Amino acid sequence: MAVERRGWHVRAVKLWLPLGFFMVFNLFPFYWMTITSLKPNSELYSRKIMPLVVYHPTLEHFINLLTETSFLRWTYNTMLVAVVSTAISLIFGVMLAYPLARMRFAGAALISFAVAATYLVPQPLLFIPLADIINHLGLGDTLTSVILTYPTLLVPFCAWLLMGYFKSVPHELEDAARIDGATRLQTMFRIFLPLCIPGFISAGIFAFTLAQNEFLYALIFLTKTDVRTVPIGAIAELVRGDVFYWGQLMAAALLGSIPVAIIYSFFVEHYVAGLTSGGVKA
Amino acid sequence: MASAHTQALPRPVLRPRPAFSLRRWTEREGVFSWLMVIPPTLFLAALVGYPFIYGIWLSLENRPVAQAGTFVGLANFITDLHDPVFWQVAQNTFVYTFSATALKMAGGLALALVMNQDFKFKNLIRAVMLLPFIIPTVLSTIAWMWILDPSFSVINWFLIHWGIANPGPSWLGNPSIAMFSLIMVNTWRGLPFYAITLLAGLQTISPELYEAATIDGASTFARFRYITAPLLKPVIFIVTMFSVIFTFSDFQLVYVLTRGGPANATHLFATYAFDVAMSGGQFGLGASIALSMLPPLALLIAGMAWYMRGEKT
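So the sequences go chain by chain: A and B.
Each residue of the first sequence is one higher than the one before, counting from 26 in our numbering.
Each residue of the second sequence is one higher than the one before, counting from 1461 in our numbering.
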């Protein structure tokens, strides 16, 4: 009995207490985002009433966001850009990772070094020259500008992640296909790539969330309402001068987060596998 | 006929070597590899390599926006060195990077150790814990902006309500508190990445090591000091390297929460370069500020690599 009680105490102190603290710390902003978006302005801007609960929930901010701003357009843009740049990045990622992981060729070390180096180049180092280049190409205020530049952030990452995955696949099946006369391209498409679907899901999810998260290039390249993405639209158009439309801002933040959260929830294990492969396997 | 038959057996190599076959050529390992690798490499060279070099060139020019530039040598860098804001920015960036990285490492390690125990709903809790890292930064930062609002901060509501402070601190309006707030938000966002990666690292450590150490009488602290810490070191190194690079070059958080204010107290290299180049229209000077990130960043990483020498495999 005494042992049992002591065990319970120890567990509370070693596990549930710190876990509870981290849960509250990590999740409070999302809770706050949600309830703020549901509060009527009278509750939002009152310093008297207890702020942690909503007394008269309303969908007013959501309705205003969807009818008075271009939020749906921004969501469409964000999705389009994220999907296309993820697809490009996966294709380029495979083209880099397959030879680097499965073949021996002169210059392989150089290429893999270059890929790692581009991965580590921070975005703020490139945005000024890129802004100039995009202007010269006449791509300012087009979604093409971000569809072209996002893969520069995603390709090195996808290539790196896929290389790790590709290396773990045994060689026998490919060897058998080659002996039976399949070309290298056939071996890759028919035999090898179908084995690597989990790797693609990991890399794809990761690339997708990174593309949704990007802010700096979108801020610089996209200055017109019609081409903006959700983060840029929210920051640029729901804050007018000193006026913050808090209810709508929160509604936008919440709605903007939902697609990522849903996709993430379906593929958590793949995501975690991708996230940790970089650090743990290296 | 018979003679023909006898001749057929040791048929000499008369088959002419086929003329150049494209198909056979592309089947060679080296050729196939390069054909695959060239398109993405060209893509990265055009949109990462070229802008990088072009950025160096821009930093040597006096280049007002949308006008032709004139070569000015190192004048932009000399201007930077005489600019008191530049030095404040450098100091801010170091304070921000070191504090946030240290907090993320300590908090992330703590969370990883806590989560390395057995408990119910472990996978669910792990998934939920990662949310700050998944949700687009700008969107969660909007929530923080409201949490830290000067008039309606929820933190201040409690401080006032419980009689701790009245009025509560101005989280983003006071120069030193603003930096603290930014570090807190950055830690909030990056901590889960640390925690989950370190947790994965912890799970690769064989439990037998701990059992053996326990039998030999090692305390909890000793087990951490002599088993966990050394085995986790390579993972910590990789995670810290990423964290340092992306914290040092952070833009979004600062841009959304303070735009570098109050009085430049929270400007980092990236936001200052943005201000000078985009708002001020001085591309050359802005590029020189952005490029100034490179030497300290390279030194930090080299220093870490030197510290870790011999640890990796």
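Hints are computed from structural coordinates only; laboratory data are not their basis.
These numbers were taken from a predicted model, which means no experiment stands behind them.
Among the clues, some could well be false.
Claimed, not checked - Think about it this way: if two alpha-carbon atoms lie no more than 20 Å apart in a straight line, the pair counts; the simulated SDA-like pairs of lysine to any residue are:
(1) B:Lys-1693 - B:Ala-1566
(2) A:Lys-39 - A:Tyr-56
(3) B:Lys-1580 - A:Met-120
(4) A:Lys-249 - A:Met-120
(5) A:Lys-192 - A:Val-79
(6) B:Lys-1582 - A:His-295
(7) A:Lys-39 - B:Phe-1581
(8) A:Lys-192 - B:Gly-1490
Claimed, not checked - Part of the chain B face toward chain A, derived, beta carbon under 8 Å:
(9) Glu-1489
(10) Val-1588
(11) Met-1589
(12) Ile-1705
Stated by the list, open to error - DEER-style ranges, computed between Cβ atoms:
(13) B:Asp-1578 - A:Leu-77: 30 to 38 Å
(14) B:Ala-1765 - A:Val-38: 50 to 58 Å
(15) B:Val-1555 - A:Leu-52: 22 to 30 Å
(16) A:Tyr-70 - B:Ala-1526: 41 to 49 Å
The beta carbon of each residue, even a glycine, is placed where N, CA and C say it ideally should be.
Now the hints, each set against the structure:
Restraint check for Lys-1693 (chain B) and Ala-1566 (chain B): satisfied, since their Cα atoms lie roughly 14 Å apart, inside the 20 Å limit. For the hint linking Lys-39 (chain A) to Tyr-56 (chain A), the alpha-carbon distance of about 26 Å lies beyond 20 Å, and the restraint is violated. Taking the CA atoms of Lys-1580 (chain B) and Met-120 (chain A), the gap is about 42 Å. The hint is violated against a cut of 20 Å. Under the criterion of a C-alpha separation no larger than 20 Å, the hint pairing Lys-249 (chain A) with Met-120 (chain A) is inconsistent with the structure, at around 35 Å.
About 53 Å separates the Cα atoms of Lys-192 (chain A) and Val-79 (chain A), which puts this hinted pair outside 20 Å; it is violated. The hinted pair formed by Lys-1582 (chain B) and His-295 (chain A) meets the criterion: a straight-line CA distance of about 16 Å does not exceed 20 Å. The hinted pair formed by Lys-39 (chain A) and Phe-1581 (chain B) meets the criterion: a straight-line CA distance of about 17 Å does not exceed 20 Å. For a cut-off of 20 Å, the pair hint linking Lys-192 (chain A) to Gly-1490 (chain B) stands: about 18 Å separates their Cα positions.
Because the smallest distance between the Cβ of Glu-1489 (chain B) and any Cβ of chain A comes to about 5 Å, under 8 Å, the interface hint for this residue holds. Interface hint status for Val-1588 (chain B): upheld, as the beta-carbon distance to the closest one in chain A is roughly 7 Å, under 8 Å. The interface hint given for Met-1589 (chain B) is met, as the beta carbon of that residue sits about 6 Å from the closest beta carbon of chain A, less than 8 Å. The interface hint given for Ile-1705 (chain B) holds, since its Cβ lies 6 Å from the closest Cβ of chain A, which is under the 8 Å cut-off.
A hinted range of 30 to 38 Å for the beta carbons of Asp-1578 (chain B) and Leu-77 (chain A) is consistent with their spacing of about 32 Å. For Ala-1765 (chain B) paired with Val-38 (chain A), a C-beta distance near 38 Å fails the hint of 50 to 58 Å. Checked against the hint of 22 to 30 Å, the pair Val-1555 (chain B) and Leu-52 (chain A) passes, with Cβ atoms roughly 28 Å apart. Under the hint 41 to 49 Å, the C-beta atoms of Tyr-70 (chain A) and Ala-1526 (chain B), about 42 Å apart, fit the expected range.
Hints 2, 3, 4, 5 and 14 from the earlier list are contradicted by this structure; the remaining hints agree with it.
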